[in-house]
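Protein chains: 2
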Amino acid sequence: MKRLFYPEAVAVVGASRDPSKVGHGIFRNLLRDFDGPVYPVNPHADELLGRRCYPSLLELPERVDLAVIAVPARVVPEVVREAGEAGVPYCVVISAGFSEAGNEDLERELVRTARKVGVRLVGPNCLGIINARIGLNASFAAESPPPGNIAFVTQSGALATSVIDWFSSGDVGTVGVGFSKFVSLGNAADLDFPDFLEYLAEDDDTDVVVLYLEGVKDGPRFLDALSECAGRKPVIVLKGGRTEAGAEAVGTHTGSLAGSGEVYEGLVEGEGGIFVGGFEEAFDAAKLLAKAGPPTSDRVLIVTNAGGGGILATDALHELGFELPEPAGDPSVLPPEAATGNPVDVLGDADAERYRVALEEFADPDRYGAVMVILTPQSVTEPVKTARAVVEFVEEFPGPVIGVWMGRHSVALGIRVLEEGGVPTFPSPERAARALYHAARWAEVL
Amino acid sequence: MKRLFYPEAVAVVGASRDPSKVGHGIFRNLLRDFDGPVYPVNPHADELLGRRCYPSLLELPERVDLAVIAVPARVVPEVVREAGEAGVPYCVVISAGFSEAGNEDLERELVRTARKVGVRLVGPNCLGIINARIGLNASFAAESPPPGNIAFVTQSGALATSVIDWFSSGDVGTVGVGFSKFVSLGNAADLDFPDFLEYLAEDDDTDVVVLYLEGVKDGPRFLDALSECAGRKPVIVLKGGRTEAGAEAVGTHTGSLAGSGEVYEGLVEGEGGIFVGGFEEAFDAAKLLAKAGPPTSDRVLIVTNAGGGGILATDALHELGFELPEPAGDPSVLPPEAATGNPVDVLGDADAERYRVALEEFADPDRYGAVMVILTPQSVTEPVKTARAVVEFVEEFPGPVIGVWMGRHSVALGIRVLEEGGVPTFPSPERAARALYHAARWAEVL
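Top to bottom, those sequences are chains V and Z.
With my numbering applied, the first sequence corresponds to residues 1171 to 1616, in that order.
With my numbering applied, the second sequence corresponds to residues 1171 to 1616, in that order.
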């Protein structure tokens, strides 16, 4: 799949001059960020956004690795045939109007044609694909996600647009979180979850994989590919249609792996995958794993300037099965009123230096597999300086260090410093604990 | 307690010229927003921020309703004695150094003195109190929360500062969410949860109460007051120390209502309170109830432009026990490809008008007790116009209408329009469903 994600040249079939058309958006996205040549294919136009148009794939000046197709459904099989003749190995079929609209025959014809001419398909009825690491946005998403190490493969193109919108917002909690590949599967008439799992398992640009899946066609093959990939890097599975009502909303998936959410959960976790309960939870876990990796043990140290925050964190971690052993350091490094159990309460008047001292003294990497640092904005609190102290400490600590800067207004800059420094942050102890739980389950320390 | 929350005049004992001192911050907070006279009491200064200082409460030019005390702990009983003599009915004792620091004797002396002279106490060792509706910020929080209809009573002052910081941030998801009263209980040596619950039950400025509690002293009295208040308005209980480890972090609470999180959960829900599992969850539920009230039945309609979002919402609602009956409207008002079951999928190319039509046609108030509207930013999506259509529709629908504008960047303005129009929004279907669940449980429709 190297040539799908790292093409030398790309063509857009159905590239349109009408900015309201999908074929226009895709061409513009590709032109904007992609380094190689991008050819518009449109028999009714001479020129598009300054590029010469070609009447068909057969008349391009060079062989392209990827053709993105946005023409009426009935024409797509013929375009794919031409792609095969022109030596194009991969087609991303954006066009809708296939099995999802009841036109199963047309979809079968499409697949038959592709097989015959040796072309592999993404879609049809999809948003497209993105390789954010090389600026390849072969989709009609309005924006490009920031580059990074998370791959998202989704059966819902709309969820992909939401995720791109979320992580390209510059929102402080998303700073430094980025993506390698986006794949919208659409009807997955040809290439499907197992193909992408097999590829992503080997992909050096990807450290964490997130799947949004509603159903799979070949259960055993999916589980094999999941097992293979999850053995090498975390694979987070967000299942749509976990409940009976949800499955009804998904519609009938002929040949889908049957079973309820619990069955899926068991199967996914049996293969080493991470089964999550919701949208935010999926990307919370992805962020933690992408930035900081899994905990090295099930023992967590909490450092806090707020009793209440420390107690909520203790509850959440304990409920999820973590251990909170007391630290072995010298209590006299902190004021006598400070609590030096676990949580270590550095007190409401703690400055950045006191957090630094507490981390140095108590957060022993041999004793703890992760550290949660909680800050609430009190009178003399230093959200930014404390963030810097945490970022420095991270270099010395092998497991993840997580920041919970509770509030918004006066802690936002601190959150930015943490995220830029590779420290994943969460707005509440419970969100942080749950993300850590998924990471720990994957690493099998819990 | 009217004179505590709506004082005619206030004094700050220990008002300091040193800006790093708590006594300075409190005085500045009061001067900034409060309408009535604020008197600094400080025998060592003539003047503070342009106000004449008085040497003691006994020498003020008029009787005040509230004295905020921020002097060393050992002096506090004497100040309270003077407050009694000066006819001050309420003292908020900010000063720390009482039972929380092992000085139980001093705390007993403080309470004895207060009883003797007929003064009621908030604290000691607390952040203070706020009545955001009249600009009374008798606390050392750096900011004031926006005015509104949520009261927060907390055993952790630090969590209060976090909440104030969060909701004064102008963050789109918090627009139009505000507070009536903030009470930081500190050691709660005198006034405690039951007193405030009794008061808030009758308080017309308060529609929703949130408690952060670690332990209660008089279980039966607490449950009585909870029952009384929860019968009139939602009371959300966030319990710190739900687990054994969490309870250990709380420390020993002599005479506390014993028992694990499950025991508390049972007791709280038995009295009609809302037991929540975390910090964000508490304020998600509070926001929904404060803005839109509880659902009128357990039947929810989902309207979405994204299949994936609708399916995740269906799963979440179904898992929590909601019903999702199919709508009875005329399917022909939507394009033939649209799904007119539940979820109603208005399709990825839906504009605001199509959402409007779908709501008008399918969201029958006799059939549904709540509506969840989901929007993902696709090519032709109109996040702001659609938000306006939803805000208009709210007038016609008696139950809550909830917005889930998934993404951040291009949906932020739409979220603002929704929140300003009284439509609570959540970043994911699961967060929305859980908030609705708590509201439905309180209203006993689930």
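The set of hints was computed from the structure by calculation and includes no laboratory data.
Hints may contain errors.
Pairs count within a copy or across copies, as identical chains cannot be separated in the list.
[Stated by the list, open to error] For lysine to any residue, the following SDA-like pairs were computed, each having C-alpha atoms within a straight-line distance of at most 25 Å:
#	residue 1	residue 2
1	1286	1241
2	1387	1590
3	1555	1431
4	1172	1282
**Request:** Provide an ascending list of the numbers of those earlier hints which the structure does not satisfy.
**Result:** Checked against the structure, the hints that fail are numbers 2, 3, while the rest are satisfied.
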